[in-house]
Amino acid sequence: MRLLTGPAGSGKTSYVLERFTEALRANNHAVRLLVPTATLAQHLQNRVAREGFVFRRTLIQTLSSFIESWAGDRAQASGPVLYLLVEQAVARANRSEFRRVAQLPGFCAAAARTIAEFSSAGCDSARLAAHLPDAPLAAAFLAVYREVDRDLGRRGLALRGQRLERAAARIRAEGLEQIQTIWLDGFHVLPDPEMAVIEALAQHAEITLTLADTDAGEDVRARLWAMGFEEERAPGFPPAPDLRLVRATGIEREADEIARRIVEQAAAGRPFREIGIIVRSPETYVPILRATLERFGIPARFYFDAELERQPAVRFLEAAVDAMLGGWDHSATLAALRLAPRFAGSTAMDRFDFDVREQAPDRGLGSLKALLGDLESPLSKLIDSLAALEEWRSFEMNPADWAARFHTLRNVFRPAGPVEDADHELTLLGSSQAAALGAFEEAARDAAQALDPALPLGIVEFWRALKSVLRLTALRAEDGRRNVVQVLSAHEARQWVLPVVFVCGMVEKQFPQFHPQDPFFPDAARNALDAAGIRVRTGAQFEREERALFDSAVTRGTVEVTLSYPESDARSERNLPSLYLEDLRLPAEPARVVQPCPRAVPSRPVPGVIRAPELLTRLREKTERLSPTGLESFLQCPFQYFALKILRLKTAPLLPKERLNFMEQGRLIHSVLAEWVAAPQDIGALFDRAFDDFREEHRLPPGYHTERLRQAMRADLQRFADRDTWPRARFQTRVEQPFEFPLDESVRIAGRIDRLDIDADGRAYIIDYKYSGAQRMKKVMGGDRLQAPLYWMAAERVFGAKPAAMFYVRLKKKLEYAGWSEDPALMDGEPIPEGWPAAAVPRMLAMVEQMRQGRLAPAPADAGECRLCDACDVCRIEVQAPAVFAEGE
Amino acid sequence: MKTVSFTESQQAAIDVSQRHRDACVVAGPGSGKTTVLVEYFRRLVEVDVDPGRILAITFTEKAAGNMRAKLAEAFQEDPVVRAKLERAWVSTVHGFCARLLKENAVLAGVDPQFVVADDLESARLRQQAIDRAVAVLFEEHPATVRNLIRGLSSFEFETAVLSAYDGMRGAGMDIEQLAAIPPPPGVTRREVAEAVEALRLDPLDGWKPEQKHYRKTVLEQADRIVAARGPRETLLAIGAFSVNLTKCKQGTPARELVRRLRDDLIERFQYSLISELYHAERETLLEILRRFDRTYRELKRQAGALDFADLEESAVRLLEQSPETRARLQSQFEHIVMDEFQDTNGQQARLLRLLRRPGRFYAVGDINQSIFGFRHAEPDVFREYRDQVERRVDLDDNFRSRPPILSAVETIAEGAAGIESRPLTARREFDDWREVCVEAIAALAGQVDAALEIEAQWVARRILELTGQPERPFAFRDIAVLVRNTEVLGAFTGAFDAAGIPCVVSRGKGFYEAREVKDLTHLLRVIANPRDEMSLAAVLRSPLVQVSDEALLRLKMQDGNLGAALAHLSSAASDFDAGDFAKLCRFRDRLRGWRARREHVSFDRLLLAAIDDCGYPAEPGTRAWANIEKLLAQARRVTGRLSLDQFVEELAAVRASDPREPDAPPEDSANAVNVMTVHAAKGLEFPVVFVSALHKGVQTNPPVIAFSRRFGLGAHWRHPASGEEVDDLFQSAIREERKKLEDEESSRLLYVAMTRAEQHLALSFSVVGKRRENWVKLVVPKLGIGLDQPREETQTHTAPDGKEWKLHLRVVDRPPGPMSRPLLEEIAPPVERIAPPKVGEQQDTNANVTGVNAFATCPRQYYIGHYLGWEGRPRRLRDSGELPAAELGTQVHALLAGVAVPDPDPEALRLADVFRQSPLGRRAARAARVEREFDFLMALEGLVLRGQVDLWFEEGGDLVIVDYKTDSVTAHEAHQRAQDYTMQLRLYALALERATGRAPNRAWLHFLRPNTAIEVDLRPSLLDAPEQIVRDFQDAQSRLDFPLVEAEHCQRCAFFHDLCPSKYSSSGTGS
Ligand code: SF4
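Chains as they are written, first to last, in this note's numbering: chain V, 1 to 889; chain Z, 1 to 1071.
One thing to keep in mind: the hints can contain errors.
[As the list claims (entries may be wrong)] Looking from chain V toward chain Z, a few residues come up when the C-beta cut is under 10 Å (computed):
#1 Gly-417
#2 Val-594
#3 Pro-727
#4 Ala-729
[Claimed, not checked] Straight-line distance between alpha carbons at most 25 Å, and here's what the computed DMTMM-like set of lysine to aspartate or glutamate pairs gives:
#5 Lys-70/Z / Glu-582/V
#6 Lys-778/V / Glu-697/V
#7 Lys-556/Z / Glu-546/V
#8 Lys-813/V / Glu-834/V
#9 Lys-84/Z / Glu-543/V
#10 Lys-102/Z / Asp-724/V
#11 Lys-467/V / Asp-384/V
#12 Lys-645/V / Asp-575/Z
#13 Lys-62/Z / Glu-376/V
#14 Lys-556/Z / Asp-575/Z
#15 Lys-740/Z / Glu-773/Z
#16 Lys-467/V / Glu-390/V
#17 Lys-779/V / Glu-632/V
#18 Lys-62/Z / Asp-134/V
#19 Lys-813/V / Glu-675/V
#20 Lys-657/V / Glu-736/Z
#21 Lys-509/V / Asp-575/Z
#22 Lys-509/V / Glu-117/V
#23 Lys-650/V / Glu-697/V
#24 Lys-1063/Z / Glu-376/V
#25 Lys-102/Z / Glu-117/V
[Said to hold, decoys possible] Far from chain V, by Cβ distances over 10 Å, these chain Z residues were calculated:
#26 His-600
#27 Arg-772
#28 Trp-1004
To be clear, the hints were calculated from the coordinates, so they are not data collected in a lab.
C-beta atoms are modelled at their ideal positions from N, C-alpha and C, and glycine is treated no differently.
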């Protein structure tokens, strides 16, 4: 019985491997090399295979798989299963202490975590009961734990610790068949159940156990000695790599700097596989490292779990089931369809997407398919495949049958065929989705395992359990590439030795990580348990482990170890460098500012003008017939005119609540007025009808703002009806009069006059309603405006009247007339401007000429209006630099 | 720690022998407050107080970080204390609450795994909650909501409700407490009536007859008000009340009465009437708050999230409801050290009261720097404490600014409302002497915008002068430009951009409007759906593609929709300009690639790929890049949580809500001018400070719905006659309160702004006509600045303490002349461009023999089925009892290996028996040496292969390999299929040869269903030697090149006619 100790990197593993291969060479297969993790097992297997040995894989394996045949028939409960059991146990135990939190999603997770921890330490509920420490929540926790233990038994499940203990007992009693020699390598902590296994193994075989000095504490040594282990020191000396420290302004620069150094190493001939990055705070660093390494073209493998529920394939399936349960609400269904990989880039889907949104809110697959038209299209088939889920709602089945049914759910997820010239990244994405589907099925099995097998249930209950499992299940993407940078967690890294290692995120609270107290058993309680021989983790122990992790991290590199930290965090608050750095006393090198070479060089902006003859012809065609608003738009800004009138750019469909926008309000008001003027009646009732029609047609959501607008518009109309002082009786009124007339031989003007009042003498009074505020009224009265003269001309030329006045009527919030009139007494009209409308014609023709010459560079007449312009994100007016300052030397 | 010499007052402040008495340190600006706090902490530890037993609370994260850093430095040589500091309680109030709650989650009734919702997240939840709350109420009680809207119709309804809600929670109040606050007393009908009576009885001495007659008119109108029934009628009567004071005799008591009636009593009587009239609607408002509160809490519960107010509230509740916890914590925290005490709100004050034990509270603060009233800070708590506490120390020495700056501050602040007069004694020593350290720039113009533009350009010019040749005393990073209202930031950053001055803006709200953010947001929208033409056009015209407008027009002419046209762009579209066409095609292809990954890779990676693919021009160290990184960080955070569509929608919604989202924070290394609000500058100092746009204040009118701790919930409502908005009693009281508060806080804000400057202070403002607004009202008269005409001069002023100081004054009415832009190297360090490394050997380390075998048959099939791992055919729901094929195979293999199979399938038993009874089976049973399920590892050409030989045995000197197959095939099919397994058996043979030292002689495939054994030829041809196949295999993996082999096996392939494009047909048309 040998305990081989030594500092990290002192050659313990090499020693073990030498002994192991010696045995293979001697054809001795009665040996086992046991390690804690599958990765490490695979490492060692590969190492031995590369030396030319052909051997059975089981000779090197994890402790868990090794004990498999002795652990009994109670299967191991996975984390998510334990969680579901805890959920049920909490409900059954019904403790007052937990009443306020029992329903909170994180509570059962926290309880499950503590139970798992206790169980791994060999402390089941009975043992806990025997040593229950004094803590406010201890008794309530115990009650839940008891329930969980009972349930595990009923479901034929066991936790890891229990299985180990069971195996230990059987090995002790039955022996190890033919195994004579066992090496245990790579272990860091040896909780009681593991210890029990070791003790049992030691009774039947020759055991060598390796432990790093930092892991071989007093008590561990004492227990091993008691089992008959004798300590030996490892033969080698730890490497003394070149240690460096880098400081960067933020995590982005830190990641850039790591990438830069890796590229430098690669250029010097070092294969990527010899480089590792150790990460202590994966939430912060993994995403940014992924992005950065990819950006710099560095292939890397990430040894981190992804959340299963966030995998696109799983999100698709979840969304599909949720949409079904929600009665195929269109937005929800669309969200699911959008995740279907075969349609990721489909123009048919793009169009459908906008059509659906246009029509939202709605529900039901029937009306959805109606939007499609073509019932044979692939998209339609996809919808059909969803429709097949519908019947699931009516089923009542036992959990196992549900699981089986959910195994067929993957059929609705049809992967996209592999793309030609795929890169490794894309390939990994593809394979991780295949794995996610597998995990989804596994999850369905887990959910079934945690539920009462005999109790038939509906989809809602089963789905709830399955969703919990999905939420809690981790997925590790397989990436077996040989030559990649290894990105490792600090725990994972303990199994690795690499020439070049980076340790990032060396800041306070990240490394060492801050360890808050457990909500059930705070430190005092844990110390008490520890004293009673239950070795659960205390704060002090956590700190020791954290330190050991760090010591291990900096000894993973044999040639160069680079530590780094960001000076400020994502919110640009200053970080405090890690306390561990203080002992090292390294000078910090600043990170350099780097970027990958862009893969294209942007060209200079091109001047905004159209020159090609055929396009100019097109412009001429498009400008043969113009509306007053078109001209006004050009007057405000040629680009606005180009974007909105020539290109007619449309944006995504409006959200339901945005549909009653200014334009639609104006339209509604105009239509009501037209009707009312033509046939006076109760304007409020008239409006209410029109509004209801509009609301129905556009599916406006009810609510404060819809109602607010309704009331405001109604009041505005009512005000007009009640207080209008226009001498209407004098006139014959015509509403909504379309007109069209030639401005010169090449341009026709077309528009619509809101109201034309003709008096007995045949004089025309032009009325234009404005549903806008005072500001706008001022604008339309501005001298450079074109609408009024154009209407004037229309009245003359189209309606053969002699115009005498033109008024704008402001309706919003206040009734107000503004305009020009021959008769100054009429509504305080201003005198008709000199030379009106003839004076405006040359200006308009000049504008038309500019349009036709292809002028379109943004040049807002009123920069304040840009805010309201729909093209404001397209024109890039803000990057046209003002010319106040001269260019420098 | 460096030895610092402390002044006498500092000595008093850090005297730990007094630690058992409550203390208040009044610390002026620049008085070395942090040093004092750290030193006090250090000394506490020195007298054996465990660092874990000191609770130190700062106002900002920055201050907490700063304090922790200094403490770490102070105890660097003492590893034990240093290690304890890691766990010390030095944080903001929120940091403290979060930790407290994490550790006591169950007792506090919060989710043990709660996350603190960031601003974006909580804004989203709140919006959802308010929408839902109102919608449901509307559905249930439409008339009630309609009535509410009739009285209170505002575009900003939700914003106002939410801000009132925040105020309420900050004050530590709940809705029932809020609802219980009685209305402040208002003017009653009786008071009005009395005044009217008094007017009626007035003898009207000296009034002319027509004046006397006018009284009658007044009385009639007033009587109508007094006599009106109910609030509505009274309000209508008031609406008709119109009095012309000039018709009353000047200087008489009666006229005064009329005036009082009109301007005071009736005006205020309206508030009472409005309150009465809208009593029910106010209840509706409260009901909306209640429902919102419930819904919002529920949403947070589901998300496992707490917002900042929850942190405080839950902590308070924990302490109030659990006496044991309170006792435990009180005894845990032997000392509480509190910075910026004047800025605590009601809830925080309550929390502190619960935590404090008598005699152990050490608070630092300064009323003159209390500027967070708008966040419901309550400086009175501090004032009270300061005035009662026995131990008070005043720190008046200033270790920051040059003396003239302090003199200027004192001159301007002297006597201003809200400023307590306290001397600022300059104690910092400077190496050089600068005669003029204070300047002022006044920009005159006819319009505000024009004036502001001139002002901004002058500020730009002055910055260039201060940082430029020849003396170059300052770098850009030494300069801060502080403003009060973020609306003016654009003018300044615009001027700086034009002048080539790098700047970083914090706490603006320009983020979503920044060009680069818009470009990338539109790109995301295009990836989500290119039919969005507005976005597509924005992207196409941006540096991401940069095509001409002609190209846009041509594209549009191809199809009704730009996006569809782009997708279908054919190579025949040759009428495009060649450059444009190439760009469009390149973009179309890239877009296709991004879209294929849209839900797979995080959105930040999509964006980065786009930036690099297109060479989007932005470099680290610039504001644009900082903004991009901020967007990337946002994108990274939501990936997986939101779909791309949702993210795009969220971005649009946030932008539309006009958020106060600041530009990205500065990168510390960036040499850039800091542009920020005064509030953001609190606690900072800069060598040069411009306090700019002094004229631009903030809107201080209360919103339509407002909250105050004293008066509760106020609102203004629609006057039934005039339609104007009128305060209710609550609101009018709140308005008064705010006005007073605002006046005071305004001066303090200026005080804080000016005292940030170390070496140079510049004040700048715009002037239009005679208008004097905001701080200009204070500064111009105090400094006697004449604004009649442009000029430049140096003035001498005298501070209240008699010291003289100089002001350089510029009054300008036009922009400065052209100036040269700063050189690039003055701005940012050059960015290194890194070429991508050479990448090779991307093949896998390990492989399965079955995989290599599949590869030998058809690389594409291997790729899809093994490498990607896709299944081909749709799953079928099994009839119950039927075993899936794979499981059946496993059982058969296990049975034949002699492993116990619990509850074996009858078909498995039968097939196992088929083998046992077969000739091969019988030979194996007789063999000299047998190994079953030999699962091996073997390295070949550097590849580690894993395989499992079902059975091999030695018989009469021969080594025989057997592989069972349980496929359901006929004997004929078995012979066809056998070819597919040749490579597999050859690899097995190789493994066995290496393991046993001798080459196997024969190999058999035994198809159990038709019971057909087929021998496989083990002699490899040169072409498909295992080594060669493995090399090809690795090469294919490394290059990701997996060609199709279209042949008869296609028909058996699960991917035929689906994931594989093979066109094989048995009639021989395979390509
Ligand atoms: S935003 Fe302004 S400059 Fe841009 S297109 Fe619209 S009007 Fe023209």
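Taking 25 Å as the top limit, are the C-alpha atoms of Lys-778/V and Glu-697/V close enough?
Violated: Lys-778/V and Glu-697/V sit about 34 Å apart, past 25 Å.
Would the hint linking Lys-102/Z and Glu-117/V be met if the CA-CA limit is 25 Å?
Between Lys-102/Z and Glu-117/V the Cα gap is close to 18 Å, so the pair holds against 25 Å.
Please verify whether Lys-467/V and Glu-390/V have alpha carbons no more than 25 Å apart.
holds (18 Å)
Compare the distance between the alpha carbons of Lys-467/V and Asp-384/V with 25 Å, and conclude whether the hinted pair is satisfied.
Measuring from Cα to Cα gives roughly 24 Å; hence the hint holds.
With the threshold set at 25 Å, check whether the alpha-carbon distance from Lys-84/Z to Glu-543/V stays at or below it.
holds (11 Å)
Restraint status (C-alpha distance of Lys-62/Z to Glu-376/V at most 25 Å):
violated (62 Å)
Lys-509/V and Asp-575/Z were given as a pair; does the straight-line alpha-carbon distance stay at or below 25 Å?
The hint is violated at about 61 Å.
Outside-interface status for Arg-772/Z - nearest CB in chain V farther than 10 Å:
holds (25 Å)
Would the stated hint for Gly-417/V survive a check requiring a Cβ distance to chain Z of less than 10 Å?
Holds - the Cβ of Gly-417/V comes within 10 Å of chain Z, reaching about 5 Å at its closest.
Restraint status (C-alpha distance of Lys-740/Z to Glu-773/Z at most 25 Å):
Judged against 25 Å, a Cα distance of about 16 Å means the pair holds.
25 Å Cα cutoff - pair Lys-779/V, Glu-632/V
holds (11 Å)
Restraint check for Lys-813/V with Glu-834/V, where alpha carbons must lie at most 25 Å apart
Violated. Lys-813/V to Glu-834/V sits at ~32 Å, over the 25 Å cutoff.
In the structure shown, a violation is registered for the earlier hints numbered 3, 4, 6, 7, 8, 10, 13, 18, 20, 21, 26, in ascending order.
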